[in-house]
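S.K.: Residues per chain, in single letters:
4 protein chains.
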Amino acid sequence: MTFSVESKGVYAIAATPFLDDGSIDFNSVDSLTDFYQDSGCTGITILGIMGEAPKLEPEESRAIIKRVISRARIPVIVGVSAPGFAGMKSLARTSMDMGAAGVMIAPTPALRTDDQIINYFAGAVDAIGDDVPWVLQDYPLTLSVVISPGVIANVISNHPSCLMLKHEDWPGLEKISKLRAMRKSGELRPFSILCGNGGMFLDFEPERGADGAMTGYGFPDMLTELVSLFAQGKRDEAHDLFDAHLPLIRYEQQLGIGLAVRKHVLKRRGVIASDAQRKPAQMLTPTARAEVDYLLSRVARHDKRAAV
Amino acid sequence: MTFSVESKGVYAIAATPFLDDGSIDFNSVDSLTDFYQDSGCTGITILGIMGEAPKLEPEESRAIIKRVISRARIPVIVGVSAPGFAGMKSLARTSMDMGAAGVMIAPTPALRTDDQIINYFAGAVDAIGDDVPWVLQDYPLTLSVVISPGVIANVISNHPSCLMLKHEDWPGLEKISKLRAMRKSGELRPFSILCGNGGMFLDFEPERGADGAMTGYGFPDMLTELVSLFAQGKRDEAHDLFDAHLPLIRYEQQLGIGLAVRKHVLKRRGVIASDAQRKPAQMLTPTARAEVDYLLSRVARHDKRAAV
Amino acid sequence: MTFSVESKGVYAIAATPFLDDGSIDFNSVDSLTDFYQDSGCTGITILGIMGEAPKLEPEESRAIIKRVISRARIPVIVGVSAPGFAGMKSLARTSMDMGAAGVMIAPTPALRTDDQIINYFAGAVDAIGDDVPWVLQDYPLTLSVVISPGVIANVISNHPSCLMLKHEDWPGLEKISKLRAMRKSGELRPFSILCGNGGMFLDFEPERGADGAMTGYGFPDMLTELVSLFAQGKRDEAHDLFDAHLPLIRYEQQLGIGLAVRKHVLKRRGVIASDAQRKPAQMLTPTARAEVDYLLSRVARHDKRAAV
Amino acid sequence: MTFSVESKGVYAIAATPFLDDGSIDFNSVDSLTDFYQDSGCTGITILGIMGEAPKLEPEESRAIIKRVISRARIPVIVGVSAPGFAGMKSLARTSMDMGAAGVMIAPTPALRTDDQIINYFAGAVDAIGDDVPWVLQDYPLTLSVVISPGVIANVISNHPSCLMLKHEDWPGLEKISKLRAMRKSGELRPFSILCGNGGMFLDFEPERGADGAMTGYGFPDMLTELVSLFAQGKRDEAHDLFDAHLPLIRYEQQLGIGLAVRKHVLKRRGVIASDAQRKPAQMLTPTARAEVDYLLSRVARHDKRAAV
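Protein chains in written order, with full-length UniProt numbering: chain Y, 1 to 308; chain G, 1 to 308; chain B, 1 to 308; chain R, 1 to 308.
Next comes chain Y alone, as it looks inside the complex (with noise of 0.2 Å):
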């Protein structure tokens, strides 16, 4: 399955697996991809916020970039929100000269009007080049800066490259239901829509009109598994298997803490070596470290992925 705008499932928030010295772990890069892949993702996001991009290296950088692509089987993104358009431009051109199949790019925070942000996606895609495919990353909350339902349709229909739309606005199940609606009445053209915020609310935006989630939840395997049953109109397994792993995915959706439930997570499940991060790094306390465990037993009585 390629990325385009027919794209459904779920595309993996990769995290940048390191060592407990701080390098990063390839091994553990190689491992996670095979996971995500084989916990049935259709893609996967590299270098996104919560894969700790800020902290590396440019060299580094485009190791990981390397390194993924060579090993996935299925399409790689790469975030590449940068504070200029050089950086991005440098970035995205490195990204796809690897094989990547497309980047993702957030509004830069300083954003306020209408016009403002328009006029910056102009100019990524000018700086990145029109024939770069891309995702439109709208989070509001980490971002600051607001983006309405007519602004997502103007920069959709602006630039043809623009195949999906990350949405982590929040509340925003009105959102998806209004681009929608424009599609359907032929305001806008195809394009897919993957949801973020740790899948807090993957149990309705399926049938909001969302074609899947992207983000980087420690049971991608479950989120695939969620789309699936939704696409087979299965409601209520759905619902109980949203519910029980939604205590979970709440605690995981902690500002700051939220990588390291994930890193804590993947690592219980085996799929990377260390939960180690770069810093600056906000680590689990001991306390902390026993609620995510607590819930994992919890979440095992029902779905024994989380028997760990």
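No copy is singled out in the list; a pair is fine if it fits within one copy or between any two copies.
Here are the computed lysine-lysine pairs in the DSBU-like style, where the Cα-Cα straight-line distance is at most 30 Å:
| no. | residue 1 | residue 2 |
| --- | --- | --- |
| 1 | Lys8 | Lys304 |
| 2 | Lys89 | Lys267 |
| 3 | Lys178 | Lys279 |
| 4 | Lys184 | Lys234 |
| 5 | Lys89 | Lys279 |
| 6 | Lys304 | Lys234 |
| 7 | Lys89 | Lys66 |
| 8 | Lys178 | Lys267 |
For the record, the hints were derived by calculation from the structure and aren't laboratory data. Every value quoted in this text rests on a predicted model; they were computed, and no experiment measured them.
Let chain Y serve as the given structure and place chains G, B and R on it in line with the hints.
M.R.: Quick look at chains G, B and R alone, frame taken from chain Y:
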């Protein structure tokens, strides 16, 4: 039970009921007050952010304060946050004269440095008088003021009239642990901590040192039961109850439409006559209402109170 | 001269004079009102951000509105920005009943998207009534709401009762030019533009299309002279006058202590009895006061009005 | 003169000259470097916010660092603020290896509490190494991080390698006074203070305790003369010179178009070949350019350097 540093249990954040024509529905004010009491709440907080306070004219605010206090047999706290100290002083004085147990104060959004925050609360206490008991509201997500544990400790130490922290930082579990460690070491005097954020982390907050919740979730009877289960050390039972409600708690915790969900649930439970809000209001779309009803039906499988 | 889309000249942003004990100094309210009129001002704006409005109790606000309106022979505008539409409506109604020429409304700080801003002003007009003439205040630096020229045009077109823009964006010269070009092309109906920001760019704003100033600089008589010089086409003379005052204008344009400078100057000019502010207040240190006095002495070399 | 806690005078914030085709104009880099030196500057700061650093690809940044350092006989400071410590470390190491005198670090915009700010700079020093001399940039208006005098004192005390404060808080005069009082009382060790904000308050900052300016105003020769006049105690003469330039200083201090003004002036003075900026750029409209030229002609009546 009085409002004191020993306060425990659940303080309900009261909605303000309106009739469909926008006027205050005083009959529903009464039934809502009764409902909170009958649910086992140990206090009621009125005119908070979720109480549509800014949509009330001054004489309406006074009428509501009077009505709730005259009916309630539990302590009533009045939200008195205001753009200036004059308005805060005026409302606090009126509330105390009418028999309020205390007031709640949130920091004004422009505050940034530790000194600014400490000075702001000193000014507020100076304005309302140091004999008026008050609750410090710590709510960064909405107020954009970030208060470190050290600053909270400072404010509590400076002002003996500050009896309680309304804790709704996110993530916030470690903050509770830190404040309670300072209490244990004798660095801090006794004070109560009740948690907000719609109850999203109430499955762990009591064990971290919180005394209960101050929030407006549509099932305050479930909140009081939950806090009671923790008090009895029935951890698993508490989590079972919490997990059954979490999908709805999570749905309600959507900035902007959360109040609409809450009023819809209270109406369906027969507590208020109408789910009307004054403008500006975000109402539930038919799809959203159906989602809430579906969640209610799912909660009802575990908790009969949700079978409405 | 009435308050209309043809309004020109200088609307003084009125300070609120207090006695040293913190009570309102109504004698100084009178002398200040006279002073603004005698300085050639064509209007007075009261209870704006610099009028310490949030430090006034409701009955005090009403007393000031009454006092100024009863004494002034020029239009009086009342600032009615409030956290909610109920308070805005109440204050606007009171003001108009007392004889105000109109009201001034600033956007609430949480607004981000174009639609949110447009809807906010629609809600405000709905609340105060579409027969109440009003001024749209555009002040991003303090309010953190950025309003594009297109959105201003939209609001002006939607609401015939919006007669004037208080323009204090920074940088803002191009915004004036854009709005005036839209007016010229017939895209926009007539409306008045008065500029704020303490007069910091009043040496170029009239040529860009502004009709004058709405600001509280301690020399309103100089502002009216300046606007008049531009009206007569005496460009160099206007700049000579402006440049003589710019060091003081600039000093006054310091967020937080600007009001202290302004009151100090008004007191030294004999217009108000005391430079007292209500708390929370930033007062001038002795060093700062000496700096202002030194600047006054330097201005006095060119403008005798500053020899105080 | 070296970069040290004793540094005085003017550090020029260097523009980055481009040719009209967008490539770096290295001849102008040379002439600009010479110009700063010949103007009496005691240092040069490159790749700051006004140096279009985010628009440069990594190899271009390195080329500019190399070029300026190899030509300058005065200390060169390199701006190394970055979204992550890895990028900061990498750029700092490169700069020092090439012969930079030190680096400049601004806080990342998300910081709020005192502890967060203090920890951020601890992390930065840990990343670049505690042997790398650095300048702390305090610029709330653009960075939205507010640093109290106590926090600055804390950072300076924690890190002996912090030699200088780039002070551009606004209002900021009292902050200088407070820090210098802490120095005088022995609470703080020696450190240099150079002021930014385009020089808007440089008529009072030296008397408050500043050692000079670090800013990019198009007349660095005037800035050095001004600082020198203050050093000689020629207060009135200093103010005469400052006041002659203030209308232009003020015009240049417009966020967004300030750089366009600066490059236009430098071009008209014959220092750089083109006023081109890389995208995204705000260019001067013909009206704005005419305004700047008019201001230059007015400055020229008092200062022949402006007769261009």
